[in-house]
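To convert, note that position 136 of the sequence shown is 136 in UniProt numbering; the numbers rise steadily by one, no gaps.
Hint data in this document are derived by calculation from the structure and do not stem from the laboratory. C-beta atoms are modelled at their ideal positions from N, C-alpha and C, and glycine is treated no differently. The reader is advised that the hints may include incorrect statements.
[To be verified] If you anchor each label on the Cβ, the simulated ranges turn out as follows:
id	residue 1	residue 2	range
1	Thr160	Asp121	32 to 40 Å
2	Gly274	Gly122	28 to 36 Å
3	Val137	Val91	16 to 24 Å
4	Pro158	Ala293	28 to 36 Å
5	Ala243	Val310	22 to 30 Å
6	Gly332	Glu254	26 to 34 Å
7	Asp121	Ser265	18 to 26 Å
8	Ser265	Arg17	33 to 41 Å
9	Glu254	Val199	43 to 51 Å
10	Gly332	Thr160	48 to 56 Å
11	Arg203	Gly155	22 to 30 Å
12	Gly332	Val263	22 to 30 Å
13	Glu124	Leu245	32 to 40 Å
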Amino acid sequence: MQDAPEFLHSGFHAAARRHPDRPALELGGRTWTYAELDETVRRWAAALLAVADRPRRIGVLGHRSLVTYAGFLAGLYTGAAVVPLNRKYPVARNRDIAERSELDVVLADDRSVPQLPDLLDGLEHVPAVVLPETAEVPADLPSRARVLTRADVAGTTPLTGPVLPDPDDTAYIIFTSGSTGRPKGVPVAHANIAHFLRVNSERYRVRPEDRFANTADQTFDLAVFEVFMPWGAGACLVPPDPAQLLSPLDFIREKRITVWFSVPSAAVLQHRRGLFAPGSLPSLRLSLFGGEALPASTAAAWQEAAPGSVVDNLYGPTEAAVACLVHRWDPGHLARAGGQRGRPPSARPTPA
1 MQDAPEFLHS GFHAAARRHP DRPALELGGR TWTYAELDET VRRWAAALLA VADRPRRIGV
61 LGHRSLVTYA GFLAGLYTGA AVVPLNRKYP VARNRDIAER SELDVVLADD RSVPQLPDLL
121 DGLEHVPAVV LPETAEVPAD LPSRARVLTR ADVAGTTPLT GPVLPDPDDT AYIIFTSGST
181 GRPKGVPVAH ANIAHFLRVN SERYRVRPED RFANTADQTF DLAVFEVFMP WGAGACLVPP
241 DPAQLLSPLD FIREKRITVW FSVPSAAVLQ HRRGLFAPGS LPSLRLSLFG GEALPASTAA
301 AWQEAAPGSV VDNLYGPTEA AVACLVHRWD PGHLARAGGQ RGRPPSARPT PA
């Protein structure tokens, strides 16, 4: 069993010391070991602290890049709360989130730089900007913004370790659509999300040999499970690119994924296309779904395709720190219950 962490990033920090040479992240054809990723995170965290004295909230702007993963950790290492931003979102939505979050710094990947001028335009409080992948300061950024580029970040001395906040401090803020359609910020404390991860690590017995996919963008709290569960155990995170997400079963086979977590609709689409074949997903040992109802026919087909895997459906509002209900697929249970409405029986509360 892993050490009981008090902070969202404690699991990664401990794994980097226990398993420095194990792969932590496979992304874009490159693999980072825990030691390499931790060094990057500590350097970027030092850069964030260099542009903002004790930042409270750090925005991470990107999409399935090193910045979206290492940047999230770097923000946590400063002791600040992280606010994920998605460059695939309309600029107006990101600006609204940035304004209401009162960001002190924005950490952005290179492909997000063109969005920055419009994102920062008109903000009463202009945050500092850290661009670890970008060579030059964009000419059209607000003159008040302090900017660090790739060379500046590379010349920064890494932190020796994370700056630790209070366990009850906010780890991250996820902005959901809300009932009004306007994003609603939901803060999640370190103590709450660390407890959730510890309980689920014990439930699922996550191990260093596991290989986790990452189907959700970091603006969706499902990603917190996908990213920090493997990192708490010294396992490897393997995010698919957008093209691979269109063929998830091929991705699972090619990358030898052992833990899959997605919304059920991803599996439903593959089922409708007739792409499940018995025994065709032999690497999977955990098949997890969340955020929607999981149809019984899809659960049965997935189970046949991944006979060595358990199939769980999780659910919960963002305020509950990812999920608070879980149901394990049992074809016999459904048959005894008569298979009402074609869905598995109701979920049970996640063990505390």
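Verification of the supplied hints:
{"no.": "1", "hint": "Thr160 x Asp121: 32 to 40 Å", "result": "holds (37 Å)"}
{"no.": "2", "hint": "Gly274 x Gly122: 28 to 36 Å", "result": "violated (50 Å)"}
{"no.": "3", "hint": "Val137 x Val91: 16 to 24 Å", "result": "holds (20 Å)"}
{"no.": "4", "hint": "Pro158 x Ala293: 28 to 36 Å", "result": "violated (46 Å)"}
{"no.": "5", "hint": "Ala243 x Val310: 22 to 30 Å", "result": "holds (29 Å)"}
{"no.": "6", "hint": "Gly332 x Glu254: 26 to 34 Å", "result": "holds (33 Å)"}
{"no.": "7", "hint": "Asp121 x Ser265: 18 to 26 Å", "result": "violated (36 Å)"}
{"no.": "8", "hint": "Ser265 x Arg17: 33 to 41 Å", "result": "holds (39 Å)"}
{"no.": "9", "hint": "Glu254 x Val199: 43 to 51 Å", "result": "violated (31 Å)"}
{"no.": "10", "hint": "Gly332 x Thr160: 48 to 56 Å", "result": "holds (54 Å)"}
{"no.": "11", "hint": "Arg203 x Gly155: 22 to 30 Å", "result": "violated (44 Å)"}
{"no.": "12", "hint": "Gly332 x Val263: 22 to 30 Å", "result": "holds (26 Å)"}
{"no.": "13", "hint": "Glu124 x Leu245: 32 to 40 Å", "result": "holds (37 Å)"}
Figure legend: structure checked against the earlier numbered hints; hints not met, in rising order: 2, 4, 7, 9 and 11.
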